[in-house]
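Heads up: the protein sequence lines correspond to chains D, R and U, in order.
Just add 657 to the spot in the first sequence (first one is 1) and you have this note's numbering.
Just add 208 to the spot in the second sequence (first one is 1) and you have this note's numbering.
Just add 91 to the spot in the third sequence (first one is 1) and you have this note's numbering.
Calculated from the structure, these hints are not laboratory results.
Owing to the predicted nature of the structure, the values given are computational and were not obtained by experimental measurement.
Watch out, some of these pointers could steer you wrong.
[Said to hold, decoys possible] Just the calculated beta-carbon pair ranges, DEER-fashion:
no.: 1; chain 1: R; residue 1: F253; chain 2: D; residue 2: P705; range: 17 to 25 Å
no.: 2; chain 1: R; residue 1: R413; chain 2: U; residue 2: A148; range: 24 to 32 Å
no.: 3; chain 1: U; residue 1: Q147; chain 2: D; residue 2: R735; range: 24 to 32 Å
[As the list claims (entries may be wrong)] So these bits of chain R aren't anywhere near chain U, every CB distance computed over 12 Å:
no.: 4; residue: H270
no.: 5; residue: W294
no.: 6; residue: F315
no.: 7; residue: L316
no.: 8; residue: G321
no.: 9; residue: V334
no.: 10; residue: D336
no.: 11; residue: R362
no.: 12; residue: Y391
All residues carry an ideal CB built from backbone N, CA and C; glycine is no exception.
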Amino acid sequence: MIPMGTGAVMFAVLRRDLQAALRRGSEWSNPLLFFLMVCSLFPLGIGPERQQLAVLAPGIIWVVALLASMMATDGLFRGDYDDATLEQLLLSPLPLYPLVLAKTFGHWLVSGLPLSLLSPLLATILQLPSEGLVVLMVSLLLGTAVLSFIGAIGAALTVGLRKGGLLLSLIVLPLYIPVLIFGSAAVKSAIDGMAYLPPLAVLAALLMTALALAPLAIGGALRISVDQ
Amino acid sequence: MANWQWFHKWGSPRWFYQFSGRLLPWLAIPALLLLVGGCVWGLAFVPADFKQGNSFRIIYIHVPAAAVAMGGYMLMATAAAVHLIWRMKLAAIVMKSAAPIGAALTFLALLTGAVWGKPTWGTWWVWDARITSVLILFFLYLGLIALHQAFENRDAAARACAVLAIVGAVNIPIIYWSVEWWYSLHQPASIKFVGESTIHPTMLRPLMATLSGMYLFFGWVLLLFVRAEIIEREKNTRWVQALVSGK
Amino acid sequence: MVFANLQQLWQMDGHGPYVWFSFASSAIVLCALVFESRRRGRNARALAAAAARRRQAENQF
């Protein structure tokens with residue numbers, strides 16, 4: 658057995674997840690399609706009037722991004738749980754923290770990052786004023802990262818359960834709310850010409866907190882789910 | 209060590225059952241007196257509010273329900289931490305028992321809050337910071353209860369809910385702060401929830417009564433739930449069977 | 092009492108339905124909590140009694 662350092666293992670986990678995601682194209686494209694389609698539903702439901710959509714656009718994009726992220730999180734640990742890789746990871750002598758970090762980061766690369774990069778397109782179709790585009794992308798980059806961590810806690814808690822998906826949503830949505838509040842507020846502030854850095858700074862702070870604390874909860878939850 | 213003996217004694221379901229039995233009347237009677245007395249006082253013996261009229265009297269139920277619902281969650285999270293760190297079975301029972309009580313009180317806070325809103329602001333629902341925070345607290349409670357029911361193994365359920373309760377408790381200040389901030393962004397200048405500063409002391413006293421009464425009530429009902437759970441879990445032990453046959 | 096008579100207490104200048112509904116539903120919820128705890132206690136004791144009877148039956152053999 659070749660002993661591997663923690664960094665090497667993290668990289669290996671990351672690479673494996675990314676390769677798997679690229680092979681199964683649906684894993685990363687489904688949330689994106691969901692994002693696009695649901696955003697398109699809003700004009701159909703509300704009406705095409707430009708002013709109205711422009712006012713609602715930041716909130717709409719953020720809520721839909723949140724839902725897409727939540728949907729993508731469901732499968733975060735399930736594949737590894739089903740083929741017993743998760744058990745192996747938990748049994749390994751390496752600390753759980755970096756492994757969880759690697760998995761969550763890999764998940765974000767495949768869900769939150771594409772979503773954020775796609776957001777200017779959706780901003781355009783929802784008539785979001787151009788002043789808000791850059792802040793929209795930055796807020797989504799930061800926010801979806803936090804959402805990935807929070808979602809991972811829920812995914813770890815429900816991975817061993819049948820019908821875990823819906824339960825995951827119930828658990829995770831209240832915890833998503835601060836991210837939603839500050840994310841959409843940042844975009845709205847940018848559009849209104851007001852200070853957008855404070856909400857962005859809060860998002861960054863939330864991300865730092867998530868980076869520090871979430872892997873502890875995720876690791877604990879994984880042990881509970883695998884042990885049961 | 210003598211220091212930790214009391215801690216482990218508390219963890220023994222049998223000792224706790226006997227101890228709590230003696231405690232019950234000391235919680236129940238003051239709770240009922242304070243609740244009923246405080247309500248009667250607030251309903252009939254306090255003058256109506258200048259701006260809101262008589263509908264403000266709902267405060268004597270709404271505020272205690274919301275406060276104890278929040279306090280209950282923190283108690284649940286503390287029990288969760290105790291369970292995870294020291295593997296104390298009793299802590300898991302307290303956590304499991306507190307959840308439905310807290311959820312019921314949160315629901316009551318939302319209901320009374322909505323009913324209060326109608327004569328005061330004209331709508332059944334106002335998205336102000338406090339009500340929105342209580343609504344999110346309700347969702348947190350429901351998520352916990354749902355998670356507990358989803359597990360077949362009781363120990364796994366307790367540990368999973370313990371993790372979620374702690375995560376929720378850590379998030380509650382963040383959620384509360386962000387909702388306050390959100391509301392201050394969107395708040396129209398004229399609408400203001402009745403601030404503590406505008407409450408006259410005569411209006412405040414019955415509130416202290418119902419608030420204390422509600423805390424005691426929570427403690428009482430929590431003990432009742434915990435005792436029932438203890439009996440059920442320990443039903444195969446001699447002391448429980450002796451207790452049940454002896455009665 | 093700040094109200095002139097019981098009739099006024101009931102009506103509360105038009106806010107009566109809201110106030111009394113709130114207090115009534117609170118009473119219902121709180122009583123329901125107490126009854127539920129009692130019910131759980133009864134169930135638990137019944138289960139324990141059944142377990143006790145089973146043990147007695149086993150001990151006789």
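task = Run the structure past the numbered hints and jot down the numbers of the failing ones, going up.
result = Result: hints 1, 2, 3, 4, 6, 7, 8 break, sorted rising.
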